[in-house]
Amino acid sequence: GGIKLWKRLSFFVAFPAVGLCMLNCYLMHQKESHERPPFVPYEHLRIRNK
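Taken in order, the sequence shown gives residues 1 to 50; the numbers are from my numbering.
Rather than coming from a laboratory, the hints here were simulated on the basis of the structure. The structure presented is a predicted model; accordingly, all values stated were derived computationally and were not measured. Honestly, I wouldn't trust all of these hints.
Each pair of labels, with its calculated beta carbon distance range [stated by the list, open to error]:
hint	residue 1	residue 2	range
1	Val40	Val13	46 to 54 Å
2	Cys25	Ile3	29 to 37 Å
3	Pro38	Gly2	55 to 63 Å
4	Asn24	Ile3	28 to 36 Å
Even for Gly, the Cβ is constructed at its ideal location relative to N, Cα and C.
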């Protein structure tokens, strides 16, 4: 049964592994600071010519 094997592998190995990776990424992202760096008004930015 190739189909049964791959179905079981998908449900019991692949989906939990993807879920754990998503949880890991979410928790690691929460640890980082979310503050913006200070704005530096460079001369070459925001040039508006008509």
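Evaluated hints:
1. Val40 <-> Val13: 46 to 54 Å: 48 Å, holds
2. Cys25 <-> Ile3: 29 to 37 Å: Since Cys25 and Ile3 have Cβ atoms about 31 Å apart, the given range 29 to 37 Å holds.
3. Pro38 <-> Gly2: 55 to 63 Å: 58 Å, holds
4. Asn24 <-> Ile3: 28 to 36 Å: Hint holds: Cβ distance 31 Å, inside 28 to 36 Å.
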